[in-house]
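Enquirer: Given next are the chains, with one letter for each unit.
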Amino acid sequence: MKLVLGYQIHVLARKVVEKELGKIGVTYKYHNSSQLELLEEIPYSHLQKLKKNLEEYGIHIKETQRDQFIQKIKDTVTELIYSEEYYSFKTSNILAEKLNLSYGYIANTFSEYTLNTLENYIILQKIERAKEMILSDEYTLTEIAYKLNYSSVGHLSSQFKKITGLTSTSFMRIIKQRNLLLTKYND
Amino acid sequence: MKQISILLADDDDDDRLFFSEAIEQLDLDIALNTVVNGVELIDYLKHPETRLPELIFLDLNMPIKGGIECLIEMRRTDILKNLSVAIYSTSSAQKDIDECLIHGANIYIKKPSDFGILKSILYKVITINHQYHSTGLSKDNFLMVI
Numbered sequence: 001m002k003l004v005l006g007y008q009i010h011v012l013a014r015k016v017v018e019k020e021l022g023k024i025g026v027t028y029k030y031h032n033s034s035q036l037e038l039l040e041e042i043p044y045s046h047l048q049k050l051k052k053n054l055e056e057y058g059i060h061i062k063e064t065q066r067d068q069f070i071q072k073i074k075d076t077v078t079e080l081i082y083s084e085e086y087y088s089f090k091t092s093n094i095l096a097e098k099l100n101l102s103y104g105y106i107a108n109t110f111s112e113y114t115l116n117t118l119e120n121y122i123i124l125q126k127i128e129r130a131k132e133m134i135l136s137d138e139y140t141l142t143e144i145a146y147k148l149n150y151s152s153v154g155h156l157s158s159q160f161k162k163i164t165g166l167t168s169t170s171f172m173r174i175i176k177q178r179n180l181l182l183t184k185y186n187d
Numbered sequence: 001m002k003q004i005s006i007l008l009a010d011d012d013d014d015d016r017l018f019f020s021e022a023i024e025q026l027d028l029d030i031a032l033n034t035v036v037n038g039v040e041l042i043d044y045l046k047h048p049e050t051r052l053p054e055l056i057f058l059d060l061n062m063p064i065k066g067g068i069e070c071l072i073e074m075r076r077t078d079i080l081k082n083l084s085v086a087i088y089s090t091s092s093a094q095k096d097i098d099e100c101l102i103h104g105a106n107i108y109i110k111k112p113s114d115f116g117i118l119k120s121i122l123y124k125v126i127t128i129n130h131q132y133h134s135t136g137l138s139k140d141n142f143l144m145v146i
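Protein sequences, first through last, are from chains A and B. Residue numbering for the first sequence follows the numbering used here, starting at 1 and increasing by one per position. Residue numbering for the second sequence follows the numbering used here, starting at 1 and increasing by one per position.
Be a bit skeptical, because a hint or two may be false.
[As the list claims (entries may be wrong)] Every beta carbon over 12 Å from chain B, so not counted as near; a handful from chain A, in silico:
| id | residue |
| --- | --- |
| 1 | Leu3 |
| 2 | Val4 |
| 3 | Val11 |
| 4 | Glu18 |
| 5 | Lys19 |
| 6 | Glu56 |
| 7 | Ile61 |
| 8 | Thr78 |
| 9 | Tyr86 |
| 10 | Tyr87 |
| 11 | Leu101 |
| 12 | Tyr103 |
| 13 | Asn116 |
| 14 | Asp137 |
| 15 | Val153 |
[Stated by the list, open to error] Listed next, the in silico DMTMM-like pairs over lysine to aspartate or glutamate satisfying Cα-Cα at most 25 Å (straight line):
| id | chain 1 | residue 1 | chain 2 | residue 2 |
| --- | --- | --- | --- | --- |
| 16 | A | Lys74 | B | Asp96 |
| 17 | B | Lys46 | A | Glu20 |
| 18 | A | Lys15 | B | Asp29 |
| 19 | A | Lys29 | A | Asp67 |
| 20 | B | Lys139 | A | Asp75 |
| 21 | A | Lys162 | B | Glu99 |
| 22 | A | Lys184 | B | Glu73 |
| 23 | A | Lys74 | B | Asp29 |
| 24 | B | Lys2 | A | Glu119 |
| 25 | A | Lys161 | B | Asp98 |
| 26 | B | Lys46 | A | Glu18 |
| 27 | B | Lys110 | A | Glu128 |
| 28 | A | Lys184 | B | Glu99 |
| 29 | B | Lys2 | A | Glu40 |
| 30 | A | Lys49 | B | Asp140 |
| 31 | B | Lys124 | A | Glu18 |
| 32 | B | Lys81 | A | Glu41 |
| 33 | B | Lys81 | A | Glu132 |
| 34 | B | Lys139 | A | Glu41 |
| 35 | B | Lys2 | A | Asp137 |
| 36 | A | Lys176 | B | Asp78 |
| 37 | A | Lys176 | B | Asp96 |
| 38 | A | Lys161 | A | Asp137 |
| 39 | B | Lys139 | A | Glu55 |
| 40 | B | Lys139 | A | Glu40 |
It should be emphasised that the hints constitute simulated quantities derived from the structure, not laboratory data. From a predicted model like this one, the values you see are computed outputs, not experimental measurements. Even glycine gets a Cβ: it sits at the ideal position worked out from N, Cα and C.
Build the full structure now, drawing on both the sequences and the hints.
Expert: What follows is the structure, encoded as structure tokens:
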């Protein structure tokens, strides 16, 4: 038996897109058949997943160049902070070199399109990395300060306190007590 | 830049007004919703039509269901587990701060009485939280006392 199929490509595409958006649980609205707006911010990792899933159906999400550029800055910052040689870098020089643009241009674009300055973003990321290292119990605070390119352990401690409002000791104590409580819930 | 949605749960009329005026004066595109007690908060968050906010400001002392109870309930509910919660309280006792953070609050704000200070605190908290939110950073280690 032969079957003759008729397609309505746009209906098909829409169903697939709706299914994938549903998996992420995000609200959205269509502007036209090829343009839709997500009504809430989703983490970049979710966007990447959505992109990958849709590509299996031959549907591509076109990101704007600006979004790609901002993401590239963020990725480069993360890569630097996690690098073993970070202690020897001057962040602004390396960023400019890696992106092949002046630091001033990079920093201005970043603060224009995010709610933060690039300098603050880098500090926030360094403190996040410091938290991971503190919680891993593998490093002393002095080692962490060195690895993250702080001039002294005092500089790291004061920046940690300024950003989080907590000392690194209180931070560690609270996270440990929280995890203990979580284990209790789950039992 | 997308609009940032935030939710305030506070039973005090004056405090809610003070808060929303400060939010309006920030140079940010914010959609603010308010609820007046803990029961209303949990009902709102669990309602299937609700678009979950990027950040919740939670008053500690509310009748019927207080801030801590709401926090514990949210952290034990799958869909609400990862929401950012800022406790908004008149208490600056270390015991209260510790208890909130241990039970899963991300941010602890000591309610200021000065309007200018409130604005700068809110701006800082909302923009830092937005970095976690939009970069997809894990909020497990996101603690802040201000």
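Enquirer: Hint by hint, note whether the structure agrees.
Expert: Each hint tested on the structure:
Distance to chain B confirms A/Leu3 as a non-interface residue, since its nearest Cβ pair spans about 39 Å, more than 12 Å. Every C-beta of chain B lies more than 12 Å from that of A/Val4, the closest at about 41 Å, which supports listing it as non-interface. Every Cβ of chain B is farther than 12 Å from the Cβ of A/Val11; the closest lies at roughly 26 Å, confirming the non-interface assignment. The claim that A/Glu18 lies off the interface holds: its Cβ sits roughly 17 Å from the closest Cβ of chain B, which is beyond the 12 Å cut-off.
The beta carbon of A/Lys19 sits about 18 Å from the closest Cβ of chain B, which is more than 12 Å, so the claim that it is off the interface holds. For A/Glu56, the requirement that its beta carbon stay farther than 12 Å from each beta carbon of chain B is met, with the minimum near 22 Å. The beta carbon of A/Ile61 is kept farther than 12 Å from every beta carbon of chain B, the shortest such distance being approximately 16 Å. Listed as outside the interface, A/Thr78 is inconsistent with that label: its C-beta sits roughly 9 Å from the nearest C-beta of chain B, within the 12 Å cut-off.
Distance check on A/Tyr86: its Cβ is at least 18 Å (rounded) from any Cβ of chain B, clearing the 12 Å threshold; non-interface status holds. At roughly 22 Å, the least C-beta separation between A/Tyr87 and chain B is larger than 12 Å, which holds for a residue marked as non-interface. With a minimum CB-CB distance of about 21 Å to chain B, A/Leu101 clears the 12 Å threshold, and the non-interface call stands. Distance check for A/Tyr103 against chain B: the nearest CB is about 20 Å away, which clears 12 Å, and the non-interface claim stands.
With 12 Å as the threshold on Cβ separation, the claim that A/Asn116 sits away from chain B is violated: the shortest Cβ distance comes to roughly 6 Å. Even its closest Cβ contact with chain B, about 14 Å, leaves A/Asp137 beyond 12 Å, as expected for a residue assigned away from the interface. Distance to chain B confirms A/Val153 as a non-interface residue, since its nearest Cβ pair spans about 20 Å, more than 12 Å. Using a Cα cut-off of 25 Å, the hinted pair A/Lys74 and B/Asp96 is violated, with the two alpha carbons roughly 36 Å apart.
At roughly 23 Å between alpha-carbon atoms, B/Lys46 and A/Glu20 fall within 25 Å of each other, so this suggested pair holds. The straight-line distance between the Cα atoms of A/Lys15 and B/Asp29 is roughly 32 Å, outside the 25 Å bound, and the hint therefore fails. Simply put, A/Lys29 and A/Asp67 have alpha-carbon atoms about 20 Å apart, close enough for the 25 Å limit, and the pair holds. Distance restraint check for B/Lys139 and A/Asp75: the Cα-Cα separation of roughly 18 Å lies within the 25 Å cut-off, and the hinted pair is therefore satisfied.
Of the supplied pair hints, the one linking A/Lys162 and B/Glu99 holds, its CA atoms being roughly 21 Å apart against a limit of 25 Å. This hinted pair checks out: A/Lys184 and B/Glu73 have alpha carbons roughly 15 Å apart, not beyond 25 Å. Distance restraint check for A/Lys74 and B/Asp29: the Cα-Cα separation of roughly 23 Å lies within the 25 Å cut-off, and the hinted pair is therefore satisfied. For the hint pairing B/Lys2 with A/Glu119, the CA-to-CA distance comes to about 22 Å; that is within 25 Å, so the pair holds.
Restraint check: the Cα-Cα separation between A/Lys161 and B/Asp98 comes to about 16 Å, which is no more than 25 Å; the hinted pair holds. The hinted pair formed by B/Lys46 and A/Glu18 meets the criterion: a straight-line CA distance of about 22 Å does not exceed 25 Å. The straight-line distance between the Cα atoms of B/Lys110 and A/Glu128 is roughly 23 Å, inside the 25 Å bound, and the hint therefore holds. A threshold of 25 Å between alpha carbons decides the hint, and for A/Lys184 with B/Glu99 the separation of about 16 Å falls inside it, so the pair holds.
For a cut-off of 25 Å, the pair hint linking B/Lys2 to A/Glu40 stands: about 7 Å separates their Cα positions. Straight-line distance between C-alpha atoms of A/Lys49 and B/Asp140 comes to about 21 Å, which keeps the hinted pair within the 25 Å bound. Taken as a hint, the B/Lys124 and A/Glu18 pair is broken in the structure, with Cα atoms around 36 Å apart against an allowance of 25 Å. Our distance criterion of 25 Å between C-alpha atoms is met by B/Lys81 and A/Glu41, whose separation comes to about 17 Å.
Between B/Lys81 and A/Glu132 the CA atoms are separated by roughly 21 Å; this keeps the pair inside 25 Å, and the hint holds. Between B/Lys139 and A/Glu41 the CA atoms are separated by roughly 16 Å; this keeps the pair inside 25 Å, and the hint holds. Between B/Lys2 and A/Asp137, the direct Cα distance comes to roughly 39 Å. Violation of the 25 Å bound is thereby established for this hinted pair. For the proposed pair A/Lys176 and B/Asp78, the alpha carbon gap of about 21 Å is at most 25 Å, so the pair holds.
For the proposed pair A/Lys176 and B/Asp96, the alpha carbon gap of about 17 Å is at most 25 Å, so the pair holds. Between A/Lys161 and A/Asp137, the direct Cα distance comes to roughly 19 Å. Compliance with the 25 Å bound is thereby established for this hinted pair. With a C-alpha separation of about 29 Å, the suggested pairing of B/Lys139 with A/Glu55 is violated against the 25 Å cut-off. Distance hint between B/Lys139 and A/Glu40 is fulfilled; the C-alpha atoms sit about 18 Å from each other, no more than 25 Å.
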